[in-house]
Amino acid sequence: MMLDPNEAQEGRANAGRNPEYRDAAGDGSQADRPLADREVPLHGMLPAEDGPALALNQWLDGDVTEADARRADSKQVELWNRIATETDRRKRMVTPAYVAANIMAALPEKRVEAQAATVTATATRTTVAADTERGLSMNMALAVGVGMFAIGLAVGKLVL
Amino acid sequence: MSSTIPWSAGVSVPYVRRYANAVKMTETATPLTEVDSDQDVISRVIAGDRDAFATLIGRYSDPLYRHALGMTGSPDVAEDILQTSFIKAYHHLTEVRGRFDAWLFRIVANGCKDWLKNIRRTHLSYDEDDQPSGFASPDEDLDRTELRTDLDYALAQLAPSLREAFIMKHVEGRSYEEMADLLGTTVGALKMRVHRAREALQALLEEKYA
Chain A
1 MMLDPNEAQE GRANAGRNPE YRDAAGDGSQ ADRPLADREV PLHGMLPAED GPALALNQWL
61 DGDVTEADAR RADSKQVELW NRIATETDRR KRMVTPAYVA ANIMAALPEK RVEAQAATVT
121 ATATRTTVAA DTERGLSMNM ALAVGVGMFA IGLAVGKLVL
Chain B
1 MSSTIPWSAG VSVPYVRRYA NAVKMTETAT PLTEVDSDQD VISRVIAGDR DAFATLIGRY
61 SDPLYRHALG MTGSPDVAED ILQTSFIKAY HHLTEVRGRF DAWLFRIVAN GCKDWLKNIR
121 RTHLSYDEDD QPSGFASPDE DLDRTELRTD LDYALAQLAP SLREAFIMKH VEGRSYEEMA
181 DLLGTTVGAL KMRVHRAREA LQALLEEKYA
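Chains A and B are the protein sequences, given in the same order.
Per this note's numbering: the first sequence ends with 160, consecutive numbering throughout.
Per this note's numbering: the second sequence ends with 210, consecutive numbering throughout.
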């Protein structure tokens, strides 16, 4: 087994394909990665996967025949054949028909792109805010005007 | 050689077609055919043909439903995740870059992972009512074997990343290359995950079944 520094994991899509990102990931990120991903088998050096286990996995991966796997461990081949009957059954499962109908029913008549909707909402908020501010300014100007007029009248009366 | 492997049959067939044939879908109002590419369909939806979206649901709902069901163990949750994911996809169609099926798969896979994180429990409920349904025939649904229950239980014991890899390989019948493409990781890492998942399942099931 050896550590695989080129490996990616969930949330780091394409990291393995981008040399820059891959190198940047370095050894520092090893601790954050699932243990299951940290070890990669080297061909011919498989201390954890002995002969029977290796043959079994190779058979399940389609690399060797069932006969080869049986020669290594016939008991496990029987087990995996039983499991295969169940996984084959699951492969034939279909989505309940009402799910598709529910999805279509939940879609709005007119498609609004989420980002566009956000922009529109923001624009609406901005417009409303601007209108409100403009309204406030007008009211304030009016109030100031009335106040000035009242002060003018009072001063005029005092002078006369 | 590979014909002797029970779950490798049909892997080479593009799964878009394979699943599209199996799906029972609501009729689309527009005359779209199976040969229309995803991009054609997406263009029509963006242009305002809402009903064309049903074609995309028909093409991809089954494999995604199987994935969600395998990951969550609950038909109700799987249906919810599927529904939410398709609706999200509908609203973000202009953001699709590259393969639509891969993009959609990531939405569903992330939905499953979020759900698993949120429930914060180490194993799923295995009440009778919570068992997977949706088998092709009622007979199959009734034929709930002990192995099925035990396999469900054993799968729930696996770490999500191992369960995901096993489901994709053995239930969805995907190749390692396709899995690597969808998950953004390498074939080597996925082989390791699948091998570890098998090892764990074997340990849990061999006493009773081997």
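No wet-lab data here; the hints were simulated from the structure.
Any given hint might turn out to be false.
Quick list of in silico lysine to aspartate or glutamate cross-link-like pairs, EDC-like style, CA-CA up to 16 Å [said to hold, decoys possible]: (1) Lys88(B) x Asp101(B); (2) Lys208(B) x Asp150(B); (3) Lys191(B) x Asp63(A); (4) Lys88(B) x Glu109(A); (5) Lys208(B) x Asp152(B); (6) Lys191(B) x Glu206(B); (7) Lys208(B) x Glu146(B); (8) Lys208(B) x Glu78(A); (9) Lys113(B) x Asp150(B); (10) Lys110(A) x Asp38(B); (11) Lys75(A) x Glu206(B); (12) Lys75(A) x Glu178(B); (13) Lys191(B) x Glu109(A); (14) Lys75(A) x Glu199(B); (15) Lys191(B) x Glu177(B); (16) Lys110(A) x Asp51(B); (17) Lys91(A) x Asp152(B); (18) Lys88(B) x Asp114(B); (19) Lys191(B) x Asp181(B).
One side only, chain A facing chain B, incomplete, derived with CB under 8 Å [stated by the list, open to error]: (20) Arg71; (21) Ala72; (22) Gln76; (23) Leu79; (24) Val99; (25) Asn102; (26) Ala106; (27) Leu107; (28) Glu109; (29) Met140; (30) Leu142.
If you want the footprint, here are the derived chain B segments under chain A, 3+ residues with CB under 8 Å [stated by the list, open to error]: (31) 43 to 56; (32) 86 to 92; (33) 167 to 173.
Quick caveat: nothing in here was measured; it's all calculated off a predicted structure.
C-beta atoms are modelled at their ideal positions from N, C-alpha and C, and glycine is treated no differently.
Hint-by-hint comparison with the structure:
About 14 Å separates the Cα atoms of Lys88(B) and Asp101(B), which keeps this hinted pair within 16 Å; it holds. A distance of roughly 10 Å separates the Cα atoms of Lys208(B) and Asp150(B); the hinted pair therefore holds under the 16 Å criterion. Taking the CA atoms of Lys191(B) and Asp63(A), the gap is near 13 Å; set against the 16 Å cutoff, the hint holds. For a cut-off of 16 Å, the pair hint linking Lys88(B) to Glu109(A) stands: about 15 Å separates their Cα positions.
This hinted pair checks out: Lys208(B) and Asp152(B) have alpha carbons roughly 15 Å apart, not beyond 16 Å. Annotation: proposed proximity of Lys191(B) to Glu206(B) is violated, straight-line Cα distance about 21 Å (limit 16 Å). Distance restraint check for Lys208(B) and Glu146(B): the Cα-Cα separation of roughly 10 Å lies within the 16 Å cut-off, and the hinted pair is therefore satisfied. With a C-alpha separation of about 12 Å, the suggested pairing of Lys208(B) with Glu78(A) holds against the 16 Å cut-off.
Our distance criterion of 16 Å between C-alpha atoms is broken by Lys113(B) and Asp150(B), whose separation comes to about 23 Å. The straight-line distance between the Cα atoms of Lys110(A) and Asp38(B) is roughly 20 Å, outside the 16 Å bound, and the hint therefore fails. With a CA separation close to 9 Å, the supplied pair Lys75(A) and Glu206(B) stays within the 16 Å bound. Our distance criterion of 16 Å between C-alpha atoms is broken by Lys75(A) and Glu178(B), whose separation comes to about 31 Å.
About 44 Å separates the Cα atoms of Lys191(B) and Glu109(A), which puts this hinted pair outside 16 Å; it is violated. This hinted pair checks out: Lys75(A) and Glu199(B) have alpha carbons roughly 14 Å apart, not beyond 16 Å. A hinted pair counts as satisfied when its Cα atoms are at most 16 Å apart, and Lys191(B) with Glu177(B) qualifies at roughly 10 Å. For the hint pairing Lys110(A) with Asp51(B), the CA-to-CA distance comes to about 11 Å; that is within 16 Å, so the pair holds.
Pair hint Lys91(A) plus Asp152(B) holds up; C-alpha atoms about 14 Å apart against a cutoff of 16 Å. For the proposed pair Lys88(B) and Asp114(B), the alpha carbon gap of about 15 Å is at most 16 Å, so the pair holds. Between Lys191(B) and Asp181(B) the CA atoms are separated by roughly 13 Å; this keeps the pair inside 16 Å, and the hint holds. The interface hint given for Arg71(A) is violated, since its Cβ lies 13 Å from the closest Cβ of chain B, which is over the 8 Å cut-off.
Restraint check, Ala72(A) versus chain B: the minimum CB separation of about 14 Å is more than 8 Å; hint violated. This hint holds: Gln76(A) has a C-beta 6 Å from the nearest C-beta of chain B, less than the 8 Å allowed. For the restraint placing Leu79(A) at the interface with chain B, the shortest Cβ-Cβ distance is roughly 4 Å, inside the 8 Å limit, so the hint holds. For Val99(A), the interface hint holds, the least distance from its beta-carbon to any beta-carbon of chain B being 5 Å, beneath 8 Å.
Given hint, Asn102(A) at the interface with chain B, holds; its Cβ is 6 Å from that chain's nearest Cβ, closer than 8 Å. The closest approach between the C-beta of Ala106(A) and any C-beta of chain B is roughly 6 Å, which is under the 8 Å cut-off, so the hint is satisfied. A least Cβ separation of about 6 Å between Leu107(A) and chain B falls short of the 8 Å threshold, and the interface hint therefore holds. Contact between Glu109(A) and chain B, as hinted, is supported at the beta carbon level, the nearest pair being about 7 Å apart and thus within 8 Å.
The beta carbon of Met140(A) is not positioned within 8 Å of any beta carbon in chain B (closest approach about 42 Å), and the interface hint is therefore violated. With a least beta-carbon distance of about 45 Å to chain B, the hint placing Leu142(A) at the interface is violated under the 8 Å criterion. A stretch counts as covered by a chain when three or more of its residues have a beta carbon under 8 Å from one of that chain; for the stretch 43 to 56 of chain B and chain A the count is 7, and the coverage holds. For the stretch 86 to 92 of chain B, the stated coverage by chain A holds: 5 residues have a C-beta nearer than 8 Å to a C-beta of that chain, and at least 3 were required.
Check result for the stretch 167 to 173 of chain B against chain A: holds, 4 residues qualifying (beta carbon to beta carbon below 8 Å, three or more required).
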